[in-house]
Structures are given as structure tokens and as C-alpha cells.
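K.L.:
These protein sequence lines are chains X and E, in that order. Residue numbers for the first sequence, in my numbering: 1 to 315. Residue numbers for the second sequence, in my numbering: 1 to 490.
Source of the hints: derived by calculation from the structure; they are not laboratory data. Model, not experiment: these values are computed from the prediction. The C-beta atom is built at its ideal place from N, Cα and C for all residues, glycine as well. All the pointers check out, no bait thrown in.
Distance ranges between label pairs, derived from CB positions:
no.: 1; chain 1: X; residue 1: 130; chain 2: E; residue 2: 208; range: 54 to 64 angstroms
no.: 2; chain 1: X; residue 1: 150; chain 2: E; residue 2: 275; range: 50 to 60 angstroms
no.: 3; chain 1: X; residue 1: 16; chain 2: E; residue 2: 387; range: 31 to 41 angstroms
no.: 4; chain 1: X; residue 1: 29; chain 2: E; residue 2: 350; range: 24 to 34 angstroms
no.: 5; chain 1: E; residue 1: 183; chain 2: X; residue 2: 29; range: 34 to 44 angstroms
no.: 6; chain 1: E; residue 1: 337; chain 2: X; residue 2: 67; range: 53 to 63 angstroms
no.: 7; chain 1: E; residue 1: 99; chain 2: X; residue 2: 25; range: 48 to 58 angstroms
no.: 8; chain 1: E; residue 1: 116; chain 2: X; residue 2: 67; range: 20 to 30 angstroms
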Amino acid sequence: MAHYVLTRLLSLAISLIVASIVIFALIEIIPGDPAAFMLGINAQEDTVAALRSELGLDASPVARYFEWVGGMVTGDFGTSYTYRTPVTEMIGERLWISLPLALIALALSTLIAFPVGILAASRRGSMTDTVIMGFTQLGVAIPNFWFAMLMVLVFAINLRWFSAGGFPGWDEGLVAGLKALTLPAVSLALPQASILARVMRSALVDTLDEDFMRTARAKGLTRGQAIKRHALRNAMIPVLTIIGLQFSFLLAGAIIIENVFFLPGLGRLIFQAISQRDLIVVESVVMLLVFAVIVVNFAVDIAYAIVDPRLRRQA
Amino acid sequence: MKLKTLTSAIALTLAGGVAQAETGLIVGIQLEPPHLDPTSAAAGAIDQVLYSNVFEGLTRFGPDGSVNPGLAESWEISEDGLTYTFKLRDGVTFHDGTAMDASDVVFSLDRARAEDSANAQKALFGGIESVEAVDPNTVRVTLSAANGSFLFNMAWGDAVIVATESIENIKTDPVGTGAFKFSNWVQGDQIELVRNEDYWGTPASLETATFKFISDPTAAFAAMMAEDVDVFYSYPAPENLPQFEADSRFEVLVGSSEGETILSTNNLMEPFTDVRVRKAVAHAIDRQAIIDGAMFGLGTPIGTHFAPHNPDYVDLTANSQYDPDLARSLLAEAGYADGFTTTLKLPPPSYARRGGEIIASQLRAVGIQTEISNLEWAQWLEQVFRGKDFGLTIVSHTEPFDIGIYARPDYYFQYDNPDFQTLIEDLTAETDPATRSEMIATAQTIISNDYVNGYLFQLAVPTVVKAGVEGIWPDAPTQAIDLTAVSWSK
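Input sequences plus hints: build the corresponding full structure.
P.N.:
Quick look at the structure:
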């Protein structure tokens with residue numbers, strides 16, 4: 001197990017270094033000067049030059065790369081060109097919205113998908129299965145932003161139960177914060193739950209046909225006991241993979257939903273930063289997301305090993 | 001029964017507190033200010049939140065664009081127009097309690113025109129030779145040459161008075177002299193202002209003013225409909241306006257802005273070097289079709305680079321009347337009977353993206369093919385504005401009274417006419433209003449007759465307002481949302 005963890009950790013570190021170089025190089029290539037963007041079309045050349053040097057943009061790319069990476073290692077992501085506030089602070093604030101949102105959506109998605117997927121698998125071929133599969137098909141097909149707008153229409157504009165969007169801040173209390181995240185989390189969770197339920201069902205269906213399941217039933221276990229003790233554990237590998245992918249997606253990819261609900265999350269921060277050429281913010285947020293994805297993958301790898309002892313021995 | 005009680009209890013909790021007396025106002029705007037220093041960035045959102053509300057200048061714009069006394073109560077101009085002596089108001093304090101006096105004015109103006117100044121409109125201060133404090137309430141500004149627009153220049157958001165004591169943190173904690181104090185900024189979401197109880201002038205009626213940033217047009221619609229915001233300034237989805245007009249809960253104000261929207265033309269690129277080609281382009285454009293198609297009918301056609309609501313405006317639309325036959329014959333005359341191909345580079349706003357498609361098809365009808373490329377603002381600035389690598393582009397020039405850009409041969413559309421440059425120089429030096437009006441009219445006519453750019457329309461500003469809100473400026477003489485005189489009707 002220790003060896004397995006170590007090799008995974010090494011590949012994690014290499015991925016991070018490669019990612020940092022790729023991100024920095026890509027962003028260097030994008031045309032557009034943050035100073036010129038900030039000063040607009042009436043600015044004089046000398047003003048733009050003064051701002052460039054104030055922002056430290058006149059240093060060489062290599063020097064800036066090492067300064068950036070060196071800062072990150074010590075937890076200092078630099079200062080935003082446009083907002084002039086520390087990037088660490090900005091990311092921290094946004095993370096307090098994006099992270100809970102992703103977690104709530106993931107929890108909702110898992111809570112819906114597991115029972116639904118198991119039910120469909122154990123009643124394979126029945127009317128229940130057909131109906132569930134039909135609904136999940138619909139859930140996958142509906143774009144989440146459209147579903148989000150529909151919910152705004154019903155719950156914010158007609159019923160007035162929720163605000164149409166925005167985030168009051170956690171200072172306003174846990175209830176107010178959770179309330180603001182409810183509609184976005186539900187719109188994010190629905191398609192994810194549909195995907196996860198389908199994966200759960202097909203993985204479970206596969207294992208139900210295995211010999212060990214017949215053996216388990218022959219030993220006298222009921223169908224439910226056999227599923228719980230033997231089938232589920234074996235069906236978990238693809239399900240865990242999907243959950244890992246979904247979490248990364250929810251953290252970084254909620255940008256459209258953040259726009260529909262005008263939530264100040266990480267997705268919108270990065271979107272804004274790209275258009276304003278706030279390069280340092282783009283670099284740092286992308287790097288953080290890469291880090292999150294890699295760490296989640298690492299955690300999933302470890303989880304594989306926990307549910308499936310064979311993987312431990314292989315490594 | 002039990003279930004019913006429970007649901008209604010939930011509904012009540014969800015709906016939040018009981019309606020309270022209206023003393024605050026929530027204003028929706030599309031863009032968030034990058035920071036809160038109006039004197040070191042071009043972003044219009046900074047002025048929208050802070051101009052007049054938090055920061056004030058020596059002079060200030062009124063709702064109709066007139067220049068009124070601000071922190072300067074009055075001024076005297078010397079015979080030769082070179083010396084302005086400003087008498088400052090008594091008892092003005094900054095929000096941190098420090099007094100606003102002549103030394104702050106000297107500091108602000110010197111900072112804006114300094115060598116390393118990051119002022120986006122540094123040209124406004126270009127003619128200042130010296131600024132001195134005569135006594136705590138009097139400031140004398142000496143110009144190197146007479147400047148008829150000096151008082152106008154001092155009304156810009158980029159010329160507001162800031163204090164030495166609070167300049168260091170101005171970007172996150174702005175301290176001004178206005179009727180509202182900055183209170184809180186939830187980045188990405190909103191900025192809150194509260195009433196300044198020690199204001200020198202008429203105190204604001206609103207106790208709080210909150211600016212909420214909602215960039216997505218659909219989200220803006222939802223926020224307005226759900227009454228999450230009370231006002232949406234420069235409402236981004238004109239297609240929804242009839243729905244608001246029909247709803248008694250709302251009122252729609254359609255005002256004029258300073259945004260001359262033009263089909264900018266690279267005057268140094270073939271074949272636009274030939275005035276006949278530029279004239280052909282001007283006659284190939286059906287302005288009303290663009291306004292109807294791209295702006296849902298909002299906007300006023302223009303025939304020169306000047307705002308129609310300005311008293312000095314000359315209507316020159318007849319100069320570039322829609323006439324595709326004339327356009328074709330002009331092209332033939334210039335040697336392009338078979339037309340030509342050029343680039344049309346479009347920045348993000350809908351006036352450009354939607355308008356660009358319509359213009360492309362209108363130009364195609366007279367034989368001009370365009371290769372459309374959609375650019376982000378940063379790319380547009382680099383390629384078009386600084387790189388001058390374009391044939392045509394569409395952009396709204398939102399600075400007030402900016403006809404002077406045609407006197408800058410290195411400006412991106414690269415129009416070089418020495419007569420026009422002399423005229424603008426003379427205009428700057430001229431202080432007699434009647435003569436100025438005449439000169440401004442001549443300037444408009446010159447650039448119209450030279451077909452420097454395709455003049456399209458004046459950008460309209462639609463604002464959706466909840467019924468009961470009074471005092472919102474319908475027009476936008478500058479990029480400001482002045483809330484100092486806004487109130488709720490009883």
C-alpha cells in the first residue's frame with residue numbers, strides 16, 4: 001500500500017510542475033496587455049508604460065515564472081493586476097462559494113443517484129427500470145443552464161421563494177447562504193445525478209451476472225443482502241471514477257450556472273480575469289483547479305485501493 | 001391541514017423578512033469596477049458607482065450634461081483665459097473627517113498630471129502649467145494656453161478631488177467628499193454605499209445605495225422581474241423592454257448617451273485611402289435597419305461624430321443617406337467596380353456583434369466583402385487600437401465631447417487633416433461661446449464631408465426602474481449613476 005501511495009504521489013508532483021509550465025506559457029501567448037486594457041482608449045502611451053512597470057510586467061517571462069511559482073509554494077499567489085488585492089484573498093473568498101456549491105451539488109447528486117441506480121439495477125427490465133432510465137435520459141439531455149432558468153422563473157419570479165441570484169455572504173448567516181445556493185446546487189446536481197444513476201445501474205447490472213453473485217445467493221443470502229455485501233462493492237470502481245470527475249467539473253465548470261445566478265464563484269472570477277487580462281489571477285486560479293483535480297484523482301486512486309484490495313497488490 | 005401550515009411556514013421563511021420602509025436602493029449594473037479609484041482606470045463601472053455619489057470634482061456634470069459648480073463654489077477667469085481662480089466651498093470634509101481644502105486640490109491635480117501618473121485621461125490635465133493654493137479656500141490654476149473646455153475637463157470622473165491622507169488605499173477603500181460614503185464591497189457581487197450624514201450640501205434621501213453586478217442579460221431580466229434590484233442601469237437585453245413597459249410594477253427610461261457608435265475605418269489602408277470608397281461605404285449603410293435589427297429600435301442615427309442631444313449638434317445624416325446605387329457608382333468611379341474584400345473586426349458588445357452582421361450584408365449588397373472576426377476587448381485593443389491592423393471595426397466612443405480624436409493622426413483610424421487639426425487647436429484656445437459653437441459646427445461638417453468613419457447611431461441607455469423610484473437620470477452625459485437626488489415616492 002505504501003508503495004502504491006508513493007508512486008501516486010510522485011505522479012501528482014510531476015503533473016503539477018508540467019501544468020504550471022503549460023499554464024504560464026499559454027497565458028504568455030494570449031494577445032492583450034492588461035495595462036492597456038485597464039486604461040482604455042484615451043490613455044497616453046507614457047501612462048500605459050508607467051502602469052506596466054508599476055505592475056511588474058516589464059520583467060522577463062522567465063523571471064516572472066519563477067517569481068510566480070516561488071510565491072505559490074509559500075502560499076502567496078501575487079497581487080491581481082486589476083483589483084490590486086492579493087490573489088490568495090480573492091480565491092479564498094470565491095472558494096467559500098464554489099466549494100460549498102460543489103459539495104452540496106455532489107451530495108445531492110449522490111443521494112439521488114445511489115438509491116435510484118440500485119433500484120433500477122435490481123428491477124432490471126421492469127417497468128420501474130424503464131421509467132427511471134427514461135427520466136435519467138431526460139436529465140442528461142436537459143442543459144443545466146436551461147433548467148436553472150426554468151427554476152428561476154418558477155421559484156424566484158412566480159413563487160418568490162428565492163432570490164433570482166446573487167450571494168449575500170456567509171456573514172448574513174448559514175440559512176441565508178444555503179438558501180442562495182439551493183437553486184444553483186439543484187440545477188447543477190440534476191444532470192450529474194442522472195449520469196451517476198445510469199453508471200451505477202450499468203455497473204451493478206454487470207456484477208449481478210457474475211459467478212460470485214450466484215454463489216452468494218446459493219449460500220442463502222437474500223437478493224438484497226447479496227447486492228449490499230458483494231455486488232455494490234464491486235460496482236464501486238466506475239462509480240467512484242465518475243464521482244471524482246464530477247467533483248472537478250462542479251468546482252471548475254459551474255461557470256454557466258454562476259452566470260445564470262450571478263454568483264461570485266471561481267468560475268466567474270476566472271472568466272472575468274481572462275477578459276480583463278488579469279493574467280496573474282488566471283494563472284493562479286487555473287493552477288489551483290489543476291491542483292484540485294489532481295488531488296481529487298489521487299484521492300480516487302486511494303479509494304480504489306480501499307474498495308478493491310487487488311489494486312493494492314498490483315502496485 | 002398540518003402540511004399546509006408547514007408549507008406556508010416554509011414559504012414565509014424563504015421569502016425573507018417583512019417589507020420595510022423603503023430607504024435603500026439596489027441598482028443593477030452589468031460590470032463590476034476593477035477597483036475604486038476613478039483617477040487611474042478607464043473602466044466606466046468605477047464612475048457609475050462613485051461619480052458624484054462618493055467623489056466630487058471642482059465642477060460636476062448635471063443631468064443634461066451642463067457643467068455646474070462642484071467643490072468649487074465659484075471661479076474667476078483672467079482676461080487672457082490663462083488663470084482660473086477657484087473659490088472652494090466652506091466646511092467640506094472627507095469621509096474620514098479630514099478637511100477638504102486647497103492643498104487637496106493641488107495634490108489631486110498634480111498627481112493626475114505627474115510624470116508617472118496612471119490617469120487614463122491624462123490629456124485633460126495636459127495644459128496645466130501650475131496649481132497653487134492661495135489660501136485654504138482658494139486655488140489658482142495657470143494654463144500654458146487658454147482652454148475653453150477647462151471647466152468641462154474638471155467635471156470628469158478622472159478629475160475628482162482625492163485626499164493625501166487616504167490615497168494609499170483608494171483602490172479598495174475610497175474616501176471622498178460626496179453625499180454617500182463607501183461602506184462595503186463583496187467582490188464579484190455588490191458594493192454598498194451609506195448616506196454621508198456630514199455632507200456639505202443637500203443630504204441624500206436614500207440611507208443606503210447598493211450596486212449589484214449582474215452581467216448575464218437573462219440573469220438581469222430575472223433579477224428585475226423578481227424585484228431583487230430596484231433599478232437596472234443600461235439594461236442589457238433591449239428585447240425585454242416592451243415586457244417591462246407593459247408591467248405596471250416598472251417604468252422604462254430610454255435616455256441618450258455620449259456613445260457615438262461608428263464603423264471605424266482605417267484611413268491609411270487601401271482602398272479606404274480614397275475618400276470615394278469611404279463615401280461609398282457611408283451610403284451603403286442603412287442606419288435605421290441597424291438600429292432596428294441590432295438595437296431593437298433604440299438609438300438615433302448620426303451623420304458625424306457628435307451627440308445629437310448637444311445644443312451644438314448639426315444634423316448631417318443627409319450627407320450619408322442610404323443609397324446603394326450611389327455607393328456602387330462611387331466604387332466604380334474609384335476603380336472598384338467589382339468590389340473588394342476587407343476585414344471587419346468586432347469587439348464583444350451586442351451593438352458591434354449584431355450590428356456587424358447587418359453591416360456586412362449591407363456592404364455585400366454593393367460588392368464589398370468583409371471577413372468578420374469576433375475579438376475580446378483585450379485583443380481588440382492590441383490588434384485594432386494599437387496595432388491598427390484592421391479594415392473596418394465597430395465601436396462606440398463613449399467619452400463626452402471627443403471630436404478632438406480626429407485631430408490625432410496617430411489615433412487608430414488614422415485620419416490626418418492639418419486643417420482639422422488647426423481648427424481643434426483654435427477651438428481649444430477659444431473661450432467665446434458663440435465662436436466656439438460655430439467652430440464646433442465646422443468641425444462636425446469637415447469630418448462628415450471627409451467620410452472619415454461610417455457614422456452609425458448614438459447609443460441609447462435604457463434603464464428599467466421600479467415604480468416609485470424618482471430622480472434617476474434618464475440620460476448619461478457621463479458614465480455616472482448619480483443617486484444624490486434619488487428618492488422613493490411616498
